[in-house]
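2 protein chains.
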Amino acid sequence: MALLPKSIQNLINELSKLPGIGQKTAQRLTFYLLKQPQIERQGFSKAVESLGKDIIYCSICHNMADADPCKICSDVKRDKSIICVLEDPLDVVAMDQLADFRGVYHVLGGAISPLEGIGPENLKISELLKRLSENQEPKEIILATNPSMEGEATAMYIAKQIKIQNSKFKNIKVTRIGRGLPMGGDLEYADEYTLSKALEGRREY
Amino acid sequence: MALLPKSIQNLINELSKLPGIGQKTAQRLTFYLLKQPQIERQGFSKAVESLGKDIIYCSICHNMADADPCKICSDVKRDKSIICVLEDPLDVVAMDQLADFRGVYHVLGGAISPLEGIGPENLKISELLKRLSENQEPKEIILATNPSMEGEATAMYIAKQIKIQNSKFKNIKVTRIGRGLPMGGDLEYADEYTLSKALEGRREY
Numbered sequence: 001m002a003l004l005p006k007s008i009q010n011l012i013n014e015l016s017k018l019p020g021i022g023q024k025t026a027q028r029l030t031f032y033l034l035k036q037p038q039i040e041r042q043g044f045s046k047a048v049e050s051l052g053k054d055i056i057y058c059s060i061c062h063n064m065a066d067a068d069p070c071k072i073c074s075d076v077k078r079d080k081s082i083i084c085v086l087e088d089p090l091d092v093v094a095m096d097q098l099a100d101f102r103g104v105y106h107v108l109g110g111a112i113s114p115l116e117g118i119g120p121e122n123l124k125i126s127e128l129l130k131r132l133s134e135n136q137e138p139k140e141i142i143l144a145t146n147p148s149m150e151g152e153a154t155a156m157y158i159a160k161q162i163k164i165q166n167s168k169f170k171n172i173k174v175t176r177i178g179r180g181l182p183m184g185g186d187l188e189y190a191d192e193y194t195l196s197k198a199l200e201g202r203r204e205y
Numbered sequence: 001m002a003l004l005p006k007s008i009q010n011l012i013n014e015l016s017k018l019p020g021i022g023q024k025t026a027q028r029l030t031f032y033l034l035k036q037p038q039i040e041r042q043g044f045s046k047a048v049e050s051l052g053k054d055i056i057y058c059s060i061c062h063n064m065a066d067a068d069p070c071k072i073c074s075d076v077k078r079d080k081s082i083i084c085v086l087e088d089p090l091d092v093v094a095m096d097q098l099a100d101f102r103g104v105y106h107v108l109g110g111a112i113s114p115l116e117g118i119g120p121e122n123l124k125i126s127e128l129l130k131r132l133s134e135n136q137e138p139k140e141i142i143l144a145t146n147p148s149m150e151g152e153a154t155a156m157y158i159a160k161q162i163k164i165q166n167s168k169f170k171n172i173k174v175t176r177i178g179r180g181l182p183m184g185g186d187l188e189y190a191d192e193y194t195l196s197k198a199l200e201g202r203r204e205y
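Each protein sequence line maps, in turn, to chains A and B.
Anchor point for the first sequence: position 187 equals 187 in our numbering, and the numbering is continuous, going up by one each time.
Anchor point for the second sequence: position 115 equals 115 in our numbering, and the numbering is continuous, going up by one each time.
Please note: incorrect hints may appear among the correct ones.
Each pair may be met inside one copy or between any two copies, as identical chains are not told apart.
Below, in silico cross-link-like pairs of lysine to any residue (SDA-like), each with a Cα-Cα straight-line distance of 20 Å or less [claimed, not checked]:
#	residue 1	residue 2
1	K53	N135
2	K124	I39
3	K160	G119
4	K124	I56
5	K6	S59
6	K17	F31
Derived from the structure by calculation, the hints contain no laboratory data.
Let the hints inform the model, and build the full structure from the sequences given.
Laid out in C-alpha cells, this is it:
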C-alpha cells in the first residue's frame, strides 16, 4: 500500500533512479526538500528543466561551452602550443584548477571502448590531428586520458596516429601524464599495476 | 573562471545544497542527468515542482496523506484499539513494512526538543489524548518515537500525561518499543547507553 502522498512518492522514485542514491537516501532528500521554501524547490526544478539547453560545443577544443570559441580557446594569455588531451568536460574543470597549466585543451568526448562500441571514429581524434596540422607552432601534446584500460588504449592510439603522420608534425613532443602512487597514498595498499607504473616512472633526484 | 555552461553549473550548485551531496557528487549526478533523454529530466523537474502540492493531513492520525481520513485510518481490517505513536511520516512507512503490526498510527510531527524550540504544544500530543478519550476501546499505546534524547523525552512526557489523566483512560496499556542491540550488530562496538538499555531490556528464555 502506498502510504505517502503521490507527489512525495513520485520524487522519491525519481531521485532513486540517480546513480548512488538508494531508496532511503531518496526519502531523506525528498523530506529535506519538502521542508525548504517553495522558491528553493522552484529554483531546483528550473535548473533540472533547463539543463543542457544552453550547451554548444567549442569548434576548436570540443569542450562544452556557452560560446564558440570557448573562453579558454579565445583567451590570448593561454599558450596555444601546448595541448592537453582529455576525455570529458569535467576533466577540464579538474585540470584547470591547477595554476601550473596554462596551455589549451582538446576534449575527446570519451575513450576507446570496444565493449561499449566506442571506436576512435566516435571520438574527436581526427579533429585533433586536423587541429595539429593547422596549428602554427604545436610544441607538445599531453595525453591526459584516464589511467584506465580505455584511457591507456586511447592515449596509445593517438600517439601512434601522430607518429604515422610524422612527416606533417615532426616537431611535436607527445607525452603521457605520470602514473604512479597518488600523493598521500600508501605503498602497502597500492595495486600491482599502479606499483609497476610507479617503478617505470621513477626519476633521478 | 567558470568553465562549464551556465545550466550545468546551475544544477551542480542546486544539487550540492542537498544534505550529503558534495561538489563532486553533484557534478557526477548532473552529467548523468545530461546523458538522459529530455523526457526523463522533465519528469524529474515536474516531480520537484509539484512536490507537496497534493499533501493533506489525516485528521485522525495526522499523517501526510492524499485523503482524509487516510488509507490506514479508513481501513476496516486495521485494529483501531492499538495505536503506535511515531515522530514522522517516514516512520510510518518503515513500521508498516512489518506484517506483524496491524494496528493504527499517530504521527506527532517531531519530538520535544528545547534546543530547537519544539515543545509538547508544537506536536500532536493533545490531539493524541483527545483521540484516546474518544476511542471506544483503546487497549494499547505503543510509544515508538526514536531512541534519541528527544524521542525518549517525548515518550516519557506522553506516558506521564496519560497517567495524569488516568481516570479517563484507566485500561490503556502504555508501552515503549524495545531498545537494545540491533540485529546483526556487534556487542563489542555498541555504545554504553545502548548496552545499558539492552541489559535493562533483557528477557527470560
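Q: Just pull the numbers of the violated hints for me, sorted ascending.
A: 1, 2
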